[in-house]
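If you read the protein sequences in the order shown, they are chains A and B.
Residue numbering for the first sequence follows numbering that gives the first Met the number 0, starting at 0 and increasing by one per position.
Residue numbering for the second sequence follows numbering that gives the first Met the number 0, starting at 0 and increasing by one per position.
Errors might be hidden in some of the hints.
[As the list claims (entries may be wrong)] Here are the simulated lysine to any residue pairs, SDA-like style, with alpha carbons at most 20 Å apart:
(1) B/Lys135 with B/Asn172
(2) A/Lys166 with A/Gln220
(3) A/Lys265 with B/Glu186
(4) A/Lys166 with B/Asn111
(5) B/Lys135 with A/Tyr87
(6) A/Lys228 with A/Pro215
(7) A/Lys166 with B/Tyr57
(8) B/Lys176 with B/Asp118
(9) B/Lys135 with A/Gln92
(10) A/Lys171 with B/Asn18
(11) A/Lys265 with A/Asp244
(12) A/Lys135 with A/Phe71
(13) A/Lys135 with A/Arg194
(14) B/Lys142 with B/Asp126
(15) B/Lys135 with B/Thr123
(16) A/Lys171 with A/Asn106
(17) A/Lys265 with B/Glu61
(18) A/Lys166 with B/Glu58
(19) A/Lys270 with B/Ile59
(20) B/Lys176 with B/Asp195
(21) B/Lys40 with B/Gln6
(22) A/Lys265 with B/Ile59
(23) A/Lys265 with B/Glu58
(24) A/Lys171 with B/Asp22
(25) A/Lys170 with B/Tyr75
Simulated from the structure, these hints should not be mistaken for laboratory data.
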Amino acid sequence: MAMSIRDRVLGLFSGQEVDRVACYSGMGNVTTAGLAEYGYKFPSIHGDPGKMANMAASSYRLFGFECAVVPFDMCVEAEALGCAMNAYEDVNQLLYPTIKEKIIHSNDEMTRITIPGDIHERGRFPVVLEALRLLKNDVGNEVPIGSWFLGPFTMAGQLMDLNDLFKLCFKKPDQVNSMLDILSDLIIAMVPRYRAAGADYIVIREMGAPTDVLSPRTFRQVIKPHLEKIFRSIPSPKILHICGDTNLIIGQMNDVGAEAVSVETKNDLVKSRETIGIEPLLFGNVDAYNILVNGTPEAVGEAVLRSLAGGVDAVWPACDIWPEAPLANLKAMVETTQKYGASNWARKTRADQ
Amino acid sequence: MTPEREQELLKKLADAVVNYDEDMAREGANEAIAEGMEPRKAIFDGLVVGMQECGRLYEIQEYFVPELLMCADAMYAGLDLLRPLLQKDDSKPRGQVVMGVVQGDVHDIGKNIVKMMFDAAGFTVHDLGRDVPLEKFVEEQIKTDSEIVALSAMMTTTMLGMRSIIKMIRERNPKAKIMIGGAPVSEQIASMFGADGYAKDATNALKDAIAMISSLKDM
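Sequences and hints are given; from them, build the entire structure.
This is the structure we're talking about:
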């Protein structure tokens, strides 16, 4: 009998033998096809738990994606801390929400930041929690439910001016570290609530910290200690994702205590394996725009095979799936993984020898 | 000024930028002014040379974004002193550029670095900031009759708006040069969208801006 999707995804973390690589994600994967099916407008799905849950489940239903993940935008944490969000309700093109009013404008405000005891009741945390509960009831027996948080550094970038934050990393790393330590507590406080509401696995997305942006030295100084603290404090399964160029820091990423590391297309998987070896779980790295949106189904299939050849243990899009990705491409991603996810899985072929 | 002294001063300005030393940049600029160096020379053969070196260091992954931002601060420390003299000194204006980060995107570091290079070259910069509605670029170009429009996006999700802006500007004013830049932009995308130039990251934006400015400098 074929393995259930839930067992395939979650079994990998608990050390169970699973039949093949799964095709899923820990990031947003809402599609315009899903929006059309329900008649939802993109800006409306971020604040409504029912719509959020339906959209997350629609990717499983429409193209067999092996998960259901909420939320979709990067403002949830910052909003709960008091920032104002813009959902672009009056704009015709598809835009993800952004923060329009930050809460930290000075060094003083930086050192004064605290996490309120009722943080889970603030901003849209109640919406995400309710969406998780709805998802659990809806598809929770079939697919694993995923959720994610911004890493503390990326979160800080939502709360204050990025230029200032970057320079302070260099000039006053201690001050940045104090703030990031406090922001880590937000994640540590919220993860158990997400899990209790239905999330089966958690991803920490520290997308502000690739080497396109920060040096490996700065990563060691101001990123790594907080990721270590977070991963020490949250339950399994737990995954770290960083976008952009990560080959120079893949060793550090592998060291922070996450059970799996997910990387973007810019990461050279073969080189990563050379650095971290064959044992750690590595996920990735199908280009979520140039291939999934602009490519043909054949190109998508090739990209999946490239990821497998690079030694991934789960086929993940490299970032949020851009909603306009054609269904034919998304189906090709899932089907290629189904077809080759056992025969081309380096870990399995090693075990069978 | 002796050629040796000139070289010494230019090197001081370049080094100040590379070593993100704002005080040294100010000192170098003041010495250049006091000793009668042409401000344009101090900027292009001193500060800009330093910034080019920063771009190279970024490319070989010795410098990263925080370092670039601090180099930019040092460059501005020198520019703030030299630029007012440049404008006085110049009979004809260098040109105008409209720039900004497209709607949906609030990341403006790349844009600010390119802006600095236009500032350095004595351009009048109409900076629309970040998260700028698409029509605003078109309106501002028409209003100011700027020769260049520079659009920036950090995320794929916002890059797509560039296409509409380029189309709108082309319809109203086919002569304007349009430059696009940001992490998701590629040569393919630039040609697909109909842009005149592109820059795939901060370094390339810097190089493109320098190349564009160097060619315009001699006009």
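Outcome of the hint check:
no., hint, in the structure
1, B/Lys135 with B/Asn172, "14 Å, holds"
2, A/Lys166 with A/Gln220, "14 Å, holds"
3, A/Lys265 with B/Glu186, "17 Å, holds"
4, A/Lys166 with B/Asn111, "14 Å, holds"
5, B/Lys135 with A/Tyr87, "16 Å, holds"
6, A/Lys228 with A/Pro215, "19 Å, holds"
7, A/Lys166 with B/Tyr57, "15 Å, holds"
8, B/Lys176 with B/Asp118, "18 Å, holds"
9, B/Lys135 with A/Gln92, "15 Å, holds"
10, A/Lys171 with B/Asn18, "17 Å, holds"
11, A/Lys265 with A/Asp244, "5 Å, holds"
12, A/Lys135 with A/Phe71, "17 Å, holds"
13, A/Lys135 with A/Arg194, "11 Å, holds"
14, B/Lys142 with B/Asp126, "13 Å, holds"
15, B/Lys135 with B/Thr123, "18 Å, holds"
16, A/Lys171 with A/Asn106, "10 Å, holds"
17, A/Lys265 with B/Glu61, "18 Å, holds"
18, A/Lys166 with B/Glu58, "19 Å, holds"
19, A/Lys270 with B/Ile59, "18 Å, holds"
20, B/Lys176 with B/Asp195, "6 Å, holds"
21, B/Lys40 with B/Gln6, "11 Å, holds"
22, A/Lys265 with B/Ile59, "16 Å, holds"
23, A/Lys265 with B/Glu58, "15 Å, holds"
24, A/Lys171 with B/Asp22, "19 Å, holds"
25, A/Lys170 with B/Tyr75, "18 Å, holds"
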